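Chains as they are written, first to last, in the numbering used here: chain C, 144 to 390; chain W, 730 to 1049.
Quick caveat, the hints were computed from the structure, so don't treat them as lab data.
As the structure is a prediction and not an experimental result, all values here were calculated from the model.
Glycine is no exception: its CB is placed at the ideal position from the N, C-alpha and C atoms.
Check the hints yourself; a few may be wrong.
As the list claims (entries may be wrong) - Ranges of calculated distance between the beta carbons of each label pair, as one might list FRET restraints:
#1 C:Lys159 to W:Gln760: 30 to 38 Å
#2 W:Lys840 to C:Gln326: 53 to 61 Å
#3 C:Gly305 to W:Asn903: 27 to 35 Å
#4 C:Gly305 to W:Pro1019: 26 to 34 Å
Claimed, not checked - Sample of chain C residues with no beta-carbon within 12 Å of chain W, all distances over it, derived:
#5 Lys145
#6 Glu192
#7 Lys196
#8 Ala214
#9 Asn231
#10 Gly252
#11 Ile328
#12 Met331
#13 Ile334
#14 Met335
#15 Lys340
#16 Leu342
#17 Val344
#18 Glu351
#19 Val380
#20 Ala387
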Amino acid sequence: MKILVCISKTPDTTAKIAFTDNNKKFATDGVQWIINPYDEWYALVRAIELKEKDPATVLHLVNVGGAENDAIIRKALALGGDEAIRVNIESQDSFTIASQIAQVAKEGGYDLVFTGKETIDYNGSSIGGMVAELLDLPYVSLATKLELEGSNVKLTREIEGGEETVETSLPLVVSAQKGMAEQRIPNMKGIMGARTKPLKVVEPVAVEALTSIAGFELPPAKAGVKLVPADNPEELVRLLHEEAKVI
Amino acid sequence: MSVLVYIDHTDGEIKKSSLEAASYGAKLASQLGVAAHGLVLGTVSTDLSALGKQGIQKVHQVKNDSLNQFDPGQQATMIAEAVGSLGATVVVLSNNVTGKALAPRLSARLKAGLVAGAVALPDTSNGFVVKKAVFSGKAFAQVEVTSPVKIISLTPNAFSVSNGDGSAEVAEINLTVPAAKIKVTGINKIKGQIPLSEAELVVSGGRGLKGPENWGMIEELADLLGAATACSRPVADSHWRPHHEHVGQTGGAVAPNLYFAVGISGAIQHLAGVNRSKVIVVINKDPEAPFFKAADYGIVGDAFEVMPKIIDSVKKLKGK
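Okay, chain C solo, but in the shape it has when bound:
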């Protein structure tokens, strides 16, 4: 059994969002970087659990980006995984990234490719589906549970207003979300061990991007809250009906 977990680097949830270069680039000054929470808490931890169940499982991590991503990759390796692969290319559009991951997945012959449901920066929810299509594999997105029974896989995925159980078989691509696993904190042994785990750097395959970012903008500032006195909540209802016109 070989598992590949896609690890993305994102600004910390509390990072200040600002732009430079005429609003064309995200301002990275002072930004704390983290492993994309969906990749870490759900995809990676579930993969680690599967390896704990079956220690013969090979667990690799993949990241697409420059050498500045290595610190994040080591953090992920501190949680678990045998080795990491970084595709050395400046992050571009999701199709370029997915194409690099698909190439790594193809060469490594993985049975299961795991991603988080989306990254918290571009919120595209696109990588898993693109990788699945490029590899011609089934794709279960927004999965909250995954159980292996030989090469048969039972999953639960989100649907509007509920969930659905599905069955498919390996090889498979899955995007994971809350419910799949619980966040873990790396222990000292993991952190020490991560330093010596292999981190292979591979060169990218040539792919033409399909989209590019023409610019960013911040949402208009809120006018400020209109406070209604606590002894007159009826006024709130009136405002919502007559002014905001939402009820």
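With the hints as your guide, set chain W onto chain C.
This is chain W only, laid out in the frame that chain C set:
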């Protein structure tokens, strides 16, 4: 040349998010001066000609019950074939659970650039540029699509449903149906509730409500307004409310017309899930709660005193 809208359905009904996508697709088609077509894979119990109200001119359907079970690989292959045979240059889907599985597959298959989670019509004055929310709603990006075929998945509740009086032509389309690789073995829907992702109004409760036994007032207000119910992360983590109600960074993201938050302090992780709501109301007894900074209306007060009065007032408003 045409804009092709993928029409998603469940339990025989077209999803509201797909009616939004149809309205968006039709507006885009007229902006580009091309035809607006719809594609329905599977069977529905409603009259598809009614998509004319949203501006769709022709609906193509593959009437095959097996397609009601969703396999994104199978459906992406079929949509790609339809794009080729109909000469579509733009495909529009909703960025709902189905669209999130389907749009990226279709993008990779057609080598067509995808804007996932569009919030406005494209600017086609110079190229093809589409606005989408990024950084969990804290900013927007203008994404330029450079490929010949373009795919847009539209954020639910970001575009209103048009209701004209047109009628669409409905025809069956002959597409190869590849074998499904994913078998649906069970569906567990929460009955009688409005799905959070589709809700126009959301009433949400936090730790300030002290315990699950106090959710009656949240449910009563939601019921009166026709709103969905939601909750903050600590509430879901303490199992006071089911996980699917959790909105925030790690839960679901919503963008309703009204987000009515009771007893939620508004941590940045919670705001990431709700900051695209059009109007935010915050009821909290702590005047320093960070949520007030993101709110449009607020009451600094005890929810247990304020909420019954609000419920009475809404009852009067609704004539109940």
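Confirm or reject the statement that C:Ala214 sits farther than 12 Å, beta carbon to beta carbon, from all of chain W. holds, 21 Å
Per the stated criterion, does the least C-beta distance between C:Met335 and chain W lie above 12 Å, as a non-interface residue requires? For C:Met335, whose nearest Cβ neighbour in chain W is about 29 Å away, the distance exceeds 12 Å, so it holds.
Would the least Cβ to Cβ distance between C:Leu342 and chain W come out above 12 Å? At about 27 Å from chain W, C:Leu342 clears the 12 Å cut-off, so the statement holds.
Take a quick look at C:Lys196 and tell me if its Cβ sits farther than 12 Å from every Cβ on chain W, holds or violated. holds, 22 Å
Could you check that no beta carbon of chain W comes within 12 Å of the beta carbon of C:Val344? holds, 25 Å
Just double-check C:Asn231 for me: nearest Cβ-Cβ distance to chain W has to come out over 12 Å. holds, 22 Å
Nearest-CB test (12 Å) between chain W and C:Glu351: Label violated. Min Cβ-Cβ 8 Å, cutoff 12 Å.
Just to be sure I understand the hint, the distance between the Cβ atoms of C:Gly305 and W:Pro1019 should be within 26 to 34 Å; is that true here? holds, 32 Å
If I take the minimum Cβ distance from C:Val380 to any residue of chain W, is it greater than 12 Å? Its Cβ does come within 12 Å of chain W, the nearest being 4 Å, so this is violated.
Taking the Cβ atom of C:Lys159 and the Cβ atom of W:Gln760, is their distance within the range 30 to 38 Å? holds, 36 Å
The hint says 53 to 61 Å between W:Lys840 and C:Gln326; measuring C-beta to C-beta, is that right? violated, 37 Å
C:Lys145 non-interfacial with respect to chain W [C-beta, more than 12 Å]: Non-interface label on C:Lys145 holds, nearest chain W Cβ at 19 Å vs cutoff 12 Å.
Of the numbered hints stated above, those contradicted by the structure are hints 2, 18, 19, 20, listed in ascending order.
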